[in-house]
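Protein chains: 2
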Amino acid sequence: MSERLVVIGGDAAGMSAASQARRLRPDPADLRIVVFEQGPVTSYAACGLPYVVGGEVDEFDRLVVRTPEEFAERDIEAFVRHEVTGVDTAARTVTVTGLDRGDERTESYDHLLIATGSVTLRPPVPGLDADGVHELRTIPDGRALDAAAGRARRAVVVGGGYIGLEVAEQLRRRGLGVTLVEGADQPMTTLDPDMASHVTDALERLGVEVRLGHQVERIDVDDGAARAVVTAEGWFPADLIVLGMGVRPAAGLAEAAGVPLGDAGGIVVDERQRTTVPGVWAAGDCVESHHRVSGRSVVVALGTHANKQGRVAGTNLGGGDATFDGVLGTAITRVGDLEVARTGLNEAEAADAGFDHVSATAAATSRAGYFPGAEDAVVKLVAERSSGRLLGGQVVGGDGAGKRIDTIATALWTSMSVRDLAGVDLSYAPPFSPVWDPVLLAAGRTVGALDG
Amino acid sequence: MSERLVVIGGDAAGMSAASQARRLRPDPADLRIVVFEQGPVTSYAACGLPYVVGGEVDEFDRLVVRTPEEFAERDIEAFVRHEVTGVDTAARTVTVTGLDRGDERTESYDHLLIATGSVTLRPPVPGLDADGVHELRTIPDGRALDAAAGRARRAVVVGGGYIGLEVAEQLRRRGLGVTLVEGADQPMTTLDPDMASHVTDALERLGVEVRLGHQVERIDVDDGAARAVVTAEGWFPADLIVLGMGVRPAAGLAEAAGVPLGDAGGIVVDERQRTTVPGVWAAGDCVESHHRVSGRSVVVALGTHANKQGRVAGTNLGGGDATFDGVLGTAITRVGDLEVARTGLNEAEAADAGFDHVSATAAATSRAGYFPGAEDAVVKLVAERSSGRLLGGQVVGGDGAGKRIDTIATALWTSMSVRDLAGVDLSYAPPFSPVWDPVLLAAGRTVGALDG
Chain V
0 MSERLVVIGG DAAGMSAASQ ARRLRPDPAD LRIVVFEQGP VTSYAACGLP YVVGGEVDEF
60 DRLVVRTPEE FAERDIEAFV RHEVTGVDTA ARTVTVTGLD RGDERTESYD HLLIATGSVT
120 LRPPVPGLDA DGVHELRTIP DGRALDAAAG RARRAVVVGG GYIGLEVAEQ LRRRGLGVTL
180 VEGADQPMTT LDPDMASHVT DALERLGVEV RLGHQVERID VDDGAARAVV TAEGWFPADL
240 IVLGMGVRPA AGLAEAAGVP LGDAGGIVVD ERQRTTVPGV WAAGDCVESH HRVSGRSVVV
300 ALGTHANKQG RVAGTNLGGG DATFDGVLGT AITRVGDLEV ARTGLNEAEA ADAGFDHVSA
360 TAAATSRAGY FPGAEDAVVK LVAERSSGRL LGGQVVGGDG AGKRIDTIAT ALWTSMSVRD
420 LAGVDLSYAP PFSPVWDPVL LAAGRTVGAL DG
Chain R
0 MSERLVVIGG DAAGMSAASQ ARRLRPDPAD LRIVVFEQGP VTSYAACGLP YVVGGEVDEF
60 DRLVVRTPEE FAERDIEAFV RHEVTGVDTA ARTVTVTGLD RGDERTESYD HLLIATGSVT
120 LRPPVPGLDA DGVHELRTIP DGRALDAAAG RARRAVVVGG GYIGLEVAEQ LRRRGLGVTL
180 VEGADQPMTT LDPDMASHVT DALERLGVEV RLGHQVERID VDDGAARAVV TAEGWFPADL
240 IVLGMGVRPA AGLAEAAGVP LGDAGGIVVD ERQRTTVPGV WAAGDCVESH HRVSGRSVVV
300 ALGTHANKQG RVAGTNLGGG DATFDGVLGT AITRVGDLEV ARTGLNEAEA ADAGFDHVSA
360 TAAATSRAGY FPGAEDAVVK LVAERSSGRL LGGQVVGGDG AGKRIDTIAT ALWTSMSVRD
420 LAGVDLSYAP PFSPVWDPVL LAAGRTVGAL DG
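So the sequences go chain by chain: V and R. Take the first sequence: its letter number 130 is residue 129 in numbering that gives the first Met the number 0, and every next letter is one higher. Take the second sequence: its letter number 438 is residue 437 in numbering that gives the first Met the number 0, and every next letter is one higher.
These aren't lab readings, by the way, just hints derived from the structure by calculation. Glycine residues also receive a C-beta, built at the ideal position from the N, C-alpha and C atoms.
Okay, the calculated bits of chain V under chain R, using three or more residues with CB under 8 Å as the criterion:
id: 1; stretch: 51-65
id: 2; stretch: 322-329
id: 3; stretch: 360-370
id: 4; stretch: 404-413
id: 5; stretch: 416-428
id: 6; stretch: 432-445
One side only, chain R facing chain V, incomplete, derived with CB under 7 Å:
id: 7; residue: Arg61
id: 8; residue: Gly302
id: 9; residue: Asn306
id: 10; residue: Leu327
id: 11; residue: Arg333
id: 12; residue: Asp405
id: 13; residue: Ala408
id: 14; residue: Thr409
id: 15; residue: Ala410
id: 16; residue: Asp424
id: 17; residue: Leu425
id: 18; residue: Ser426
id: 19; residue: Tyr427
id: 20; residue: Pro429
id: 21; residue: Phe431
id: 22; residue: Val434
Taking CB as the label site, the calculated pair distances span:
id: 23; chain 1: R; residue 1: Glu103; chain 2: V; residue 2: Asp450; range: 39 to 47 Å
id: 24; chain 1: V; residue 1: Gly174; chain 2: R; residue 2: Glu58; range: 35 to 43 Å
id: 25; chain 1: R; residue 1: Arg121; chain 2: V; residue 2: Val297; range: 55 to 63 Å
id: 26; chain 1: R; residue 1: Asp29; chain 2: V; residue 2: Ala347; range: 37 to 45 Å
id: 27; chain 1: R; residue 1: His289; chain 2: V; residue 2: Ala362; range: 28 to 36 Å
id: 28; chain 1: R; residue 1: Asp450; chain 2: V; residue 2: Glu58; range: 34 to 42 Å
id: 29; chain 1: R; residue 1: His289; chain 2: V; residue 2: Ala28; range: 53 to 61 Å
id: 30; chain 1: R; residue 1: Asp200; chain 2: V; residue 2: Gly174; range: 40 to 48 Å
id: 31; chain 1: R; residue 1: Asp351; chain 2: V; residue 2: Thr322; range: 32 to 40 Å
Bound-form chain V, shown alone (with noise of 0.2 Å):
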């Protein structure tokens, strides 16, 4: 018997899942799989889109990782601009609207997989409809932006998660003025305070002006453009304005289908990715993900859990099993001469997930010191104080610290302590690290923090 499995969102998740599951079911005539995709085009790099814009990578097209011609040839079939206005669980149908002819269809499903992604956060102020309010998830957002950064001169970025961080930086390499106005009193509030003052640092080395602890309270708006942004503090005066407050799950059509959200926001799902509504699968920035630290539900919009999760849900579609084994909340980024890296809890999400924690900090540097090109590399541990298991890792400096972090997370996976961690046979050469490496030395550290 042919089956049919609908995928919403031509994305990372959807279309990871809609691969591994023709991987594992390659007879179109077993199983059919189609795919809905609102935006214009299929599996692209969201991630890339500051470094397009910036110019450092040369098009959007570079972005676009698969083609609906492409998906065809797998036997695929996925149709961009046609948006999912609704399912029904019950009789297992979608309603589907093809956006360039505004023609509207129903179509049946065996498995729904739900991978909507996400939409960027909206702080609740008047003028935010104005023109020259950018958002950047999409190549059309992209392109828009571009487009408007080809013509401003002035550019405040509002708020300084990742990609605001990434789009102040990709300005000011386009030679606008940046302000980066945020509510918080750090940017990147994954991190702790002592160690987003670094990133503070490097945004004012590339000549961004941050303006902290800064509630925008409205969009001045003249003629239908936006002009400034407005807050208790001050006003910024701005050509074009970048929402980079952060993303949510895109879980509204999900919940409308009575799909059960949590309390994080996202869709719910099992580690196979199934929801709790038969038929229905998700998976990607619209669902939560168990947190393997504080073992909470966790809303965590990235591309390597899209990949993944899309990838589990696939091949149960396709008939295997595999499960996804959650998340540590693992983030990297470069801003300007900075690499910054997290994972697990910081200080205040241990205290806040209920762990009495010790931290250190060691500043070291990411090749043997008198190497040429050695640069800082600061790496930050939390433990848990009665068992020394590590809790989360925090690095931040030069060119080679960043990716420190995944030694990290891979011992937090484990749910290892740092008395082991601090004794690992990590690599040393001089180019490569000094004789202790940061994470080692931090590790040290941090067993001593525990031993008082």
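Put chain R on the given structure of chain V with help from the hints.
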């Protein structure tokens, strides 16, 4: 009662132990610490020597971490150019010769730490003692090689171990013609042949003539000076020759004193760095270590272990309790534009250790494929067939590839399976990684190999 710690060898292991013991027992009236070092300096970074010879690091003095005067300020009496020629473990004395004045004296100890390091492997061929045949293990070796390189046009490096490769690279950097003569069919025999072939290519891109499978038969000597390296297959003229086959433990003094050695030729110690002789401890290149994957006792001469073992010995000598928890054989180096790293067991080693294994290789990129500066990153993993347990990994590639070995080493340290490794929440952003980090990709492929 005042006690006396005598340390033989004033480099990484010896000085780490001395420093740590002093940290825990700060009063010199409680613990006197005396170090004898036969060379002219204490505590130097031997791994940096090739880079000074090549001019990448500007002077040898940069490699000296701490001088005897600086140790004196910490109440550590370090005597350079003092050779310990005998140990009487019953009387708890050492016999010391001052190399400058030729005076011999006897010093008593309560605790003895043997940290005599390693000696260069020398092939058993005629001509090896001629002028122009160099080792590169100490700063005097480095100065001699540096001076000789200034007068030379053609060099032959005998042996493609880490030092051999680094010297070949650095002598090319100085403009010398360089031939590498290696007895095995590949350079860097700690890699599998398929991965080592990338090293051969990198050497050839540097302009090094690579001669594999060449057993050295003799050194041609003319008027006391080496003129050529002779193998069955060829005659390789040289103004200077460097031995780059590796090192072996300098354990002769310990052996003569009745301190037991192991099958690998190093001093046998327990996890607290105690030998089987009362009052005698040992650390660094001269000892054998527990290999956590093979379970065997191995010799790995590397500054990172020397530092850790010295610290462990010093902690225990200082009244604390510390253990050295073994090695994985992690190593990293750079050969021209290639970063090369390995950890755990390669395929041959896995077979030799009795593991039925599978392996898989992923050829990916160090950054997102579309991002400027993305370079090759090839990761190979070896896993136990029955359990999926990770046994080892190898990495070759461009900038940013090599240090990924630390992720694999950390997974190996906790006996992680490749199935688990494939799911780890590693960091992702376009300047740092493809959305599937090469390590995850290789782990996924290895799972595929396990599943047939």
